[in-house]
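Protein chains in written order, with the working numbering: chain D, 1 to 279; chain H, 1 to 609; chain E, 1 to 288; chain P, 1 to 357.
A hint or two may mislead.
[What the hints assert, rightly or not] Facing chain H, according to a computed beta carbon distance under 10 angstroms, are these residues of chain D, among others: (1) K94; (2) R168; (3) T180.
[To be verified] Below, computed lysine-lysine pairings styled on DSSO-like, alpha-carbon distance capped at 27 angstroms: (4) K134(P) <-> K148(P); (5) K94(D) <-> K25(E); (6) K57(E) <-> K134(P).
These are calculated hints, taken from the structure and not from any lab test. Positions of the beta carbon are idealized from the N, C-alpha and C atoms, including for glycine.
Now for the letters of each chain:
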Amino acid sequence: MADTRQHTVLPGFGLTVGYTTFFLSAVVLIPLAAMVIKASSMSIGQFMAVLLDPRVIASYKLTFGTSLLAALINSVFGFIIAWSLVRYDFPGRKFLDALIDMPFALPTAVSGIALTAVFAQDGWLGQQLARMGIQVVYTWLGITVALTLIGMPFVVRSVQPALAEVQRDLEDAAETLGATRFTVFWRIIFPTVLPALLTGFTMAFARGIGEYGSVIFIAGNLPMKTEITPLLIVIKLEQYDYVGAAALGCIMLGMSFFMLLSINLLQAWGRRRLFVGKR
Amino acid sequence: MPDLLPVPTSMSITLDQITKRYQNTPVVNDVSLEVSDGEFFVLLGASGSGKSTLLRAIAGLTGVDHGRISLHGRDVTQVSPRKREVGFVFQNYALFKHMSVADNIEFALRVRGVKSAERRARRQELLRLVALEGMDDRLPTQLSGGQQQRVAVARALAHKPQVLLMDEPFGALDAKIREELRRTIREVQRELKISTILVTHDQEEAFALADRIGVMNLGRLLEVGRPEELYARPATRFVATFLGAANLLLARQTAQGIRVGATPVSTMLDKPANQRAELRREHEVVAMLRPEEISLAVERESLNSIYLGAGKVETISFTGAFERLRVRMVEADKAAVSADADAENLAILDVTRTQHEQRQLPLSVGQSVAVGVRRIHVLPTPLSSYSVYAVTSTEADALKQHPLLVDLATRMKTRITTQIEPGLGQAGTARPQQPLAGVAVIAAGADAGAQLDWLLQRGAAEVLILPGQYTPATRVLIHWTGEEVRRATLAVAASVLRHVPAEATYLNILPEEESDASKPSGMRELLDARSEAQAVHGLEMRTELHYGDAAALLQRELAEHTSGMLILGVTDPVDFRQRFDWLLQQSPGWPVLLVFRSEETSAPVRKMT
Amino acid sequence: MSSGPSRQLLSELASRPGRNSLADKLIRWMFISLSVVFLSALLISPLMMVLTSAFAKGMAVYARSFLDEDTFAAIKLTLTIALIVVPLNTVFGIAAAWAIAKFEFRGKSILITAIDLPIAVSPIISGLIYILLFGSQGWFGLWLQEHDISIIFALPGMLLATMFVTFPYVARELIPLMQQLGNDEEEAAITMGAGGLMTFIRVTLPKIRWGLVYGMILTNARAMGEFGAVSVVSGHIRGLTNTMPLHIEILYNEYDYVGAFAVASLLMALAIITLLIKTVIEWRGLRG
Amino acid sequence: MLRTVCLSLLFLAFLSACSAGTATDVKSVQLLNVSYDPTRELYRDVNERFSKQWLDKTGQHVSIKQSHGGSGSQARAVIEGLRADVVTLALGYDIDAIHKRGKKLGADWQTRLPDNSSPYTSTIVFLVRKGNPKGIHDWDDLIRSDVKVVTPNPKTSGGARWNYLAAWGYVLERELQGDWSKLSDPAAAGQVAAAQIKAEQFVAALYRNAPVLDRAARAATNTFAQRGIGDVLIAWENEALLAIKELDGQGLELVAPSSSILAEPPVAIVDTVVDRKGTRQIAEAYLQYLYSDAGQELVAEHHFRPRNAAVMTQHQSEFPAIRLFTISQVFGNWQQAQAEHFADGGRFDHIYTVPKS
């Protein structure tokens, strides 16, 4: 089915692909290439030294760990939220639905400052948590909270349409066949929504790895403990170590690219699996 | 495969007065039905007729607002779909796309914790049954539409359901595959002897599959019967036209028999005894002529059937096995011919002829022919056509545009004629030659009383009084003032309700002082009325017993509900004018259909003030 | 874009036998309250925090924060950037969506990934790359300096950084939409003799308009709210290259908490307005 | 394809259009002062007074734009092309970097203006909570296990480096009995080495008490005052005095340690920029103004220690008496201090990467 479209009568292939490639190159690819080339002025040894510095490795662990955790939290709660928004009608549903996009729109610095204020030991929620002996701000927990906020819309907005599209017929069919609600969910709905959930998860994860503005306020920034990789890039820059910064940037870029590519392949796979033969 | 057989009982599906509403509008309206064991029942209806909703209600996919559903004697009205043990086949297959064919079919068994060896055996058995052996590991997306639907059928049968429900299972398939799959399903059903209800909008499909067909329209189950019976002797215009082409003609029932136009075409009818009384009353009826029952000849003498009139061939088209002709009746015979609401088609008859007939008498366009009819079926409906009565043409036009009237006429596929009577409502005008035809329609208002008297004087039997303000009726109240008019009122009500998406309630009102003494008889009357409505007219209705003054009670009942219609059987017009004059005054804003019969002979009321 | 369940569906589900069980109600109640609690803790409480801080010293102080000249300049700059970036990215998004949704070609997956890339790239990197390109030490630095053109630490650099960050939103919104809608109508128009542009304007655009507007709204929201990337290339010159998010940080650092959160509340208001527009659009989209 | 080319040209044209260089006008002139965080309030007043004075003197309008941020990142922005006429940063090291990496000013910049080009000085002090509940009086109290210290990250904040060096210098001073000459005396090498080890242990203990390392000095102040984190904030003296004034609701108190470092924030003209723009004259006058009596008075009002002895005496009471040592006394110069302590793999990194024993 791949080549059916090559013979389409639609015009504009050259123009749009050309323009897309040009604009993409000008705004995204060439600048990113500048960074890669900058980093490539190091020798392999120097490059590895930057990458394998214990502080850098500690920051990877923190960044990836908290991003992963936040993405997991978002997968669970994002799914619950999307489910509630799609399947239930309750007062304030529209309000919550509109609010989901808020983290996109709010400056990350404001989110960071506000979250820090809320979760600080004298903050609204921080007080309660402190009573339970949980400290959020300036720990990895705080970073997770900030990344959860940043990544939440990605999961909800991916899952929502997929959930809305699950054919009611499938659920009805399963139910007439004797499946319990749990079975219907686990065997029918979940597998159908899984590609979308994975997409949302990966987007949230990828976004979390790069996040800086909101994290910087709530993270303690203690070397080896609460220092995220983007902060290390900033520190390298402060020391006029452009090459080192570019090297770290390249690693993060590579990770992002890899993750996004896997999402896109995943989506293509999902489409093929579920929709081939229906056209 | 003895283990595939379901446990035999006599009635496997019993529906009792099922009603389902969406936003207060009934989409399934008082449907009762019994499907016996191993029967293949087809629910036939246009889209939006409520047939799919009814099917989903049987499966438990939607709840009902009223009524009971039993499967094999078990009341399942409140049972969740997963415990109803039904098999359901969806129009778009609803296969689980992420599971293989095998997993799809085994789903119901897996859910029930059946062991894998047993599952596999059952799966292979089913795949053989639907002729898909060896497809176990395919994904649904790798199958054609027909194969997918076969898998869906196999899946629905996996857990040995008590009944099989199919919702337009062939809707998404092309003609050839459809036929093939139809055969498969019929075979599977026969082999398993599983009670089946299939929903479709395709009458051909219904004829091909059904042991019995039920036709639904506007949420009501209009008629149920064996295919050939329904085709030959439908009770309603809707079924007559829905099950195939039909020429509907307005005819007159006289003491001598049926007349179409000037031609007496004798009776050829076998009316049930309880309608004999109606036969003696001269009135308008609707006659159905199937196109294949019409014969054509060069001249009247060579017809070997009853002569209907002279006509001219207008178009001829070839459809393979048959030739389809349209024949325009010549001027003289046109007036009383067609019951069609569309004036253009007034004098046109559809005719089909077999190849054999074609060879015997080749015809060409423009040729004059004698038209004969081999068989006429008179519909038992008392509502044949509508005649709007008004003093001026402006009033008549306004009345003709009334939404209820337009709705009724379109849905009944009948016509509305206009009678401008300057003397309407004035006493002393001469009597007409013959009784008025069809239902007389007048506007509610101050003059309505006098106009009603005028009409009654001229032998009107049914009078529809339309208010200016009108919201589509969702509730029809039925009441009669004396037993003499019961049968006629029920017949009229049944006819109306088949064309209005509203719920029917019969009000039996007994005088207050008799309440205790008459209770048993009041209840009996109610039950009698209901069973008669069901048996004779196929009308399902609620019944309510009230005590008090009928006029006052009705007035209160009408005031409580904003949208509705009243069907009132009247025996004594004088008494009616005294007690119910307010009904004619527009005040309730309800359309009122009055049915006048005075004696057991059911002759229309003629005595006047 | 999504909407809630249809009323008819809900009523059918509610009427379904065995549906209104205690367990069902419990799950429903649990899901809704979990959603509400989660969103309250994570989303609503910070927003409330912003609002309470903004109004901590009363309405008058709040209103006075906007009279400041630099605040005004920051608002103006932010709107200017949004006004330039949104149309540019919209045109790009449409072109990209057309190319990707309507045609098959090799490297499509890579192209989609490249378009998505800016979402996943750290804002720090998005700023850094322009420094490496246009900074004094960068590829074009010397040439730019000789011709007296400033890109970074001036409007163009901030535009570029914002454009980078908001790059994928319109395209991301349109690609799946156009893929789903298929080519039939466009092909019909072409066979009827319509030109490419005509086909797009008369056939495609009406179909995708709500998705397009939603993409633009997201782009706009993100463009106005971007902090990290813009911060790197801004130069932080008061009244000149400070956008609202940067100005918020400055005010905050000047211990002017009311001012900082007042500006933040303004951004929130802008976001809410755009989200409201979105809701209205969805509503109209559902009808139309 | 043609359309593509047109569009791209249009885009480039647009880019260049909105970036025309600053036009120089005799009647009005614009200066850009790139400074670090704690000088916002100072330069707001200086700019206002100076432009008024300049207008009176020459009839020329001057509008001075300010840019504030971390000292290091501000220096980097100037190197990368931010067109600052003057830089007023926290450390000489940062201006040195502008010379070395950006070649935007001469190597002799520090000698062009009096007092090492530092028109004002400051030092490092402590801010504690009202009533000093933890009883913090000197550096030694900061390494107590019950004390939480708030200080920014020396990697990203110039002020934080002063904090670090002040603590280090305090220990050296104590160990060497205040005799700085021992540092260059080969005979005392053993004693000095032991002192350096003591100092590193001390600083390590101090940072172990820090729950958070903010990105910049102001962020640290906000953390301490707004979030209520920590028992003591190590801060610039001027920052501490300003914070007490601005945040008087928070209940903060200044504690002066027995000895601290003399911070000399330098100022300089960026040669390449003023020459291109033709603003050298006014830029020089602007920096000179800081040394004038009026300028020094403003400096004192904003809690910086003025260089002018007369002005200093007048404001003596506002500044706590602290024994002060300088960078050059203790660490040689900024280049050496940076390389030894703050570069990657330096002593600061050592504190965090080597597990504490």
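A quick look at each hint next to the structure:
no.	hint	result
1	K94	violated, 21 angstroms
2	R168	holds, 9 angstroms
3	T180	holds, 7 angstroms
4	K134(P) <-> K148(P)	holds, 10 angstroms
5	K94(D) <-> K25(E)	holds, 21 angstroms
6	K57(E) <-> K134(P)	violated, 32 angstroms
In summary, the numbered hints that this structure violates are 1, 6.
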